Amino acid sequence: MDVRAQLSMVFHLDKCLGCHTCSVACKNVWTDRRGAEYMWWNNVETKPGTGFPTQWEDQDAYRGGWERTGDSLQLRSTGRARVVANIFHHPHLPTIDDYYEPWTYEYERLFTAPQQDDQPTARPISLITGKPMVPEAGPNWDDDLGGSPVYAEHDPNLAALTEIERRELFAIERLVFFYLPRTCNHCLNPACVAACPSGAIYKRGEDGIVLIDQSRCRGWRSCVAACPYKKSFYNWASGKSEKCILCFPRIESGQAPACFHACPGRVRYLGVLLYDADRIRPAASANAGSLVDAQRSMLLDPFDPAVIAEAARCGIAPSTLDAARRSPVDRFVRQWKLALPLHPEFRTVPMLFYVPPLSPSVAHDGEARVSVKYLTSLFGGGDEAPVRYALRKEAAVRASRRAATVGDVDRATVDRLLSDAECSDAEADAIYRMTTLATAGDRFVVPPTFREQAVEMLHEGGR
Amino acid sequence: MKWIKDETRASLRRWEELYRQRWQHDRVVRSTHGVNCTGGCSWNIYVKNGIVTWEMQATDYPTIDPALPPHEPRGCPRGISASSYLYSPLRVKHPYARGVLLDAWERARAAFKDPVEAWASMVENEDLRRQWQSARGKGGLRRASWDTLLELIAASTIYTIKTHGPDRIAGFSPIPAMSMVSYASGARFLQLIGGVSMSFYDWYCDLPNASPETWGEQTDVPESADWYNARLIAVAGSNVSMTRTPDAHFAAEARHNGTRMWVFSPDVSQVSRFADEWMPIAAGQDGAWWMAVNHVLLTEFHHTRRVPAFLDYCKRYTDSPYLVELQPTSRGYRPGRLLRANALDRYAKAENGAWKFLMWDAPSSQPKMPIGSVGFRWGTEAGKWNLQLQDGADGSPIDPLLTFLDGDHEVVDVELDDFSATRTLQRGVPAKRIACADGRTVLVTTVYDVLMAQYGVNRGLSGEYPSSEDDDAPYTPAWAEPLIGVPRDAIVRFAREWGETAERTGGRCMIVIGAGINHWYHANLTYRAAIHSLLFCGCVGVNGGGLAHYVGQEKLAPMEPWAAIAFARDWLPAPRLQNSPSWHYVHSDQWRYEGAFTDYQPVPADQPRGTIAEGHAMDVQVRAVRNGWLPFYPQFNRNPIDIVRDAKARGASTPDEVVARVVADLKEKTLRFAVEDPDAPENWPRLWFIWRGNAIMASAKGHEYFLKHYLGTHHNAIAEDVAAGVVHEAEWRAPAPQGKMDLVIDLNFRMDTSALYSDIVLPAVTWYEKADLNSTDMHTFIHPLAPAVAPCWEAKSDWDIFKAIAARFSELAGTHFPAPVEDVVASPLAHDTPAEIAQPDIKDWSTGEVEAIPGKTMPGLRVVSRDYANVYRQFVAFGPLVRANGLGAHGTQYDVTDVYDEALVTMPTVEWNSHRYPSLAVDEQVCNVILKFATVTNGELAYRSYKNMERKVGLPLAHLAEGNRAMRMSFTDLQAQPHRIGNSPMWSGLTGERRAYAPFTYNVECLVPWRTLTGRQHLYLDHPGYLQFGEHVPTFKPKPLPAAQADLARTGSAEWKALELNFLTAHGKWHIHSTFGDTPPMTTLSRGIEPLWVNDADAAAMGVDDDDWVEVFNDHGVIVTRAAVSARIPRGVCVQYHSPERTLAVPKSPARGGRRAGGHNSVTRTRLKPNLMIGGYAQFTYHFNYWGPVGCNRETQVLVRRLASVDW
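Top to bottom, those sequences are chains A and B. The first sequence begins at 1 in my numbering and counts up one residue at a time. The second sequence begins at 1 in my numbering and counts up one residue at a time.
These are calculated hints, taken from the structure and not from any lab test. Nothing here was measured: the structure is a model prediction, and the numbers come from that model. C-beta atoms are modelled at their ideal positions from N, C-alpha and C, and glycine is treated no differently. Do not take every clue at face value.
What the hints assert, rightly or not - Which residues of chain A face chain B? A partial, calculated answer using Cβ under 8 Å:
(1) Tyr107
(2) Leu175
(3) Ala454
Kindly produce the complete structure, drawing on both the sequences and the hints.
This is the structure we're talking about:
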């Protein structure tokens, strides 16, 4: 057993408002500068939709992530052997058309326009060329189903549905949409790290944050191609690639990352997960139908004396263990099995988990509106069972609260629903509290990062 | 898997400093955003190297109840983009004026030593005046010095006062609550000089008229935390996840606590995602839904089963048991006025007996006169204004009958109007005969029985009652089904769930409602029907229940001292407060473009003589001003200062004699109301100050008419004015004047549309550069705005700008008004004053029906002395009238003598003429004065105010503040942490420890009456005007027809190959009104333009693909934008989210000959609903932003067509 601690995340999609406050919080702090304008380390997508960059989930086109060939895992993009061959041209990199051309406006014109016959207006101009342009794409072009015939209907996940199911989905009475906030997943089997020809990308030992070393990066962009989530971006001004750093300077001062802090929907949770590094490879190369289970099986119980003993042996600090025991992520992912990885079939073992959306639950004709097949495409890795399990448990918790607050659901019904969802009364209560009443201190359990030791090492002229 | 190996080489981690350094900052300052937003979020502003870098939400809100979700973090994508403005190229960094105006000013100043004479030479030169008017909005702005522009403004102000009168100077600034000191700055200056403060809440169409109709309350709502206490939330016309971003979590979390949510929305709106059940009710037809819900609720919970709690609630807290007189008609009877207590021999001599009413006492089987009505409120007997069921004459208890079915009765047929089919129904009601003191015998029934008949509850009585819910008769689910486009069984299912939930939980059913309903012409009816669903099930005045109307941030918590400062009541007794809907309807000449309102609003067929339910809205508007129902400025066709001077010259020596002279002149028609001839040059508004808002674009319903008639610049309206011959009360002048305004002055930090079209743009600071206060109805905390950096470039705070204007004004006034002058101020009859019992009937003094009595049958008139040379000194001093008169609001009153005297010792003061006053010279000082003198922030004053109210009410109330008497707050306290406001009798809800604020809990728990006719919540509205409009009972009126709306009289679809759609302007995701929508984060996350959302099938019919350019147009104007094609939008409507700027990425319009296209308000024109103009009658008595017609525009019809290309 090789016990490791990963700073890990849960997004509760049933609560997400799609407001994008997280995106702006991140942009203000990190990417509001030349060369980074088009980067959205954090973005929010409307689902169904094509996302950012457009259709990023389509790995036939982008060839991101890993593929299993027999017993071996290969990067779909480059494979170790092909790195050099693709250094000067990568056929599957997203182009500016897949992102967008950043723009601003000729605001000055409103002040400087001479007296004329008609009203001046501030035209859009390209932030790259400085010339007038008409924006035709953006990081969030299909927000709230804008352009649904062009975008939503071409969501790669709809391939999981039948033609009739797809058609019904876009009739207004059956229409369904929800939001998918995305950041770097700080994966356990990160394709970006494996792909980097310069060895500039590493996963921090103390917290698992994946970073691109800005001094070592040579701008080969292999990470951009390899990341199946397209969360590594090339800065065209600095010539280096950059990605979400999980706000490590904030983490190191005991604060949640900016996008977590800023979320008014209170959908985000942050905390430590303990895992067995020896089981990364089996988890990443599990059979298609059992990827979620395989990933869960590598997580370790921070209350288990055996794990505690082993953790000490592996150098996990007692305070980190304590944080793991208070971690909301450990509860959502390992204990309650409510939160699921996004596209586990990309086999990067992502450490950002999503509670699938319960709502919208009923249309006016009384039928369920959300498609389990569609959710399975996102979160099940082809296996409906974990998705159904999570939805069943969310619904059961809700029913138990209904019984307590209104009383028009009888106890026997609640007991049956809870038992079907393998949920005890105590667990239902804990889930309800964490979902509704949790304070910032409950939602974000940031472990100490021992900065004093890092600084000490630097001062001692550490190697 | 080597990449997860510990990276221990410190040297290789050294580069991480790069990002650590980016995060580093020097200072964090608490502030918030003073834009027109209900959020009221506390923000930390980060400063690095003296530059604001970004903002993050504060998360240190005190916990109000551990059983409720916490408030952190509050904030949204708009708020977090605010830092984009400080150093943006859109920022107004310096004072600007249009070059043509500046050139003229420089020439005039060279020619005239006196600046006022210089301005006179310009403005009296019509050719020159036209030059700067026609240049408005078309570039040519030039930097100028502060000195130059302050002098120009001061000179034009003095000229206008001398030449036309101070009431020709108006100022508009939106909703004060979110930056109340900034609002107060301009208002205070204007009121000191006798100018006009324009209302906002009604003009924005955010005022829900049903709230004053039902509760006598402008609006009071639960804070959003109380949503979590609701067990059923009905969301109607409110897109909570998108427009109440920081609050939406309470709704999402309530669901996980077992609460069910129904969402009514024609489109698959963002909040419908949270719905257990989403009802795609046809746009604007929600009234039919709620009428049918009430039919089911009354049938199943009041009749088939009589749920005791529901009936008891109706008896105690609503007007249900009151007796209504049935008036004989040719075919039977019509429900009429409430029977007055003094109609009976027993109560004939009761004080204010025409304002006291009757219930039928079951045990004694006779009518009794319960205490608590408006007659008791304004009577001389103390302690009888409460909700105890007690007779006002002998104190005996009353156990009222709700329905006469429960006792002896006869059944008579009453006439009820069915406006959905333009017919009259006959339905039986149980009635009793009562002998009156005058010998008459009148037939009466109860309000409850009238409602049972109106809602069509079949109780086995004669008449046209539906036999079941499936019978298509008003107002069954079967009747509603075709109107709303949702199957009837959904209505039944909802109503049952509603009633059962309320029964099980003690009324925890809540309606979250908003602009999606309130912006329609008949919104008051829809709201009333929805409110009835709450009242029938006892859901108002309980936590987790009630009407949660959130449109416009109307809740300024520390109201009393703020109002004194803002409206200069500390110096002068009578402010000029104008309801903007009337002002704009009249002055921007939008009244000229429509015919009789009965073309589009159905009213009962048989109208009495002198009815107000016929003709043109302008006619009712004129009568409303003449009768003192509504304010209107300018008041008269002469300068009010000249009027006083002339009256004195003609022998009037006292103020009373001056007023008598004015009344006589009005009666003789030698003096006319300006509203009777608004297009005459002497009646035009001349100067317009705009600050904190976008008065010319975002809120300008009928924007193109603003450009045409106010500004006199180019416009895209092609509509014909058609009111000639239809309007009788106002003069018709042809052609209509263009360019009424001499000067438009805008204070702004960004070059928005209003700034671009103004003559002068003064650089205002952003919210991160000034001190101010912020409160909201969405939560119960009060926040500061505070400077994170000093004012940038040449910017100043609004307070400092108006202070500077006041200083220059006073200097020039030293020459032009060396001594104080007298001004006569006309004011409408005011709510929360004895004027609430001024007009029992509609009588017109101008035709001799009644005597002309100021303040009773006509506007109040008051002579006010103005000391123009000392306006600056008054501006910076908290004046003596506060100490002399005390403070109060909403009918409360408390003494502040000791607090004022203490302030002279403990706070900064100014001295003038050997008197000392608390200083208002600096914005932070103003904040501290407000905090010190308000009941919600000073517990002792709250206690004192409750003590006073106890005397009026006669029941214990002071305990509500007892535990909080030591509470005080200062500006620095608020900077340290948000503070929660305390209880105050000014507000209807209670915020005790561990309790979310819910409105009317004060009334329900402490038996304090609502400020209405009976003191109860009004289901029935017996004002003669309401009877004439057929709105005495809750009803359904169809949406005004597109043809009668005349949006497309000169714009036919055939020639354009265009599709006709209903144009909706819901509140959007990427802006708060027009603010933030032009910042890089918001333009990038949207489509860089405010697109037109259309249904995919409608788009296909027009040949429009997603992202194609489209032209949206009608007779009023034109928009050019791009299409967002979506299956989310229903057919037949299109949406452009409120509110784009026409200055940002707007191309030219082929339909208007290649002129620049406009914004969303280019295709709107407002229409005023006349029955909302009445006054002088209990809750129907004017108060600023409380009552009056609203600026609705949802019925707008447009044509949409594809544009192959655009020209810039």
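Quick rundown of the hints versus the structure:
Given hint, A/Tyr107 at the interface with chain B, holds; its Cβ is 4 Å from that chain's nearest Cβ, closer than 8 Å. With a least beta-carbon distance of about 5 Å to chain B, the hint placing A/Leu175 at the interface is held under the 8 Å criterion. Checking A/Ala454 against chain B by beta carbon gives a least distance of about 7 Å; that is within 8 Å, so the hint holds.
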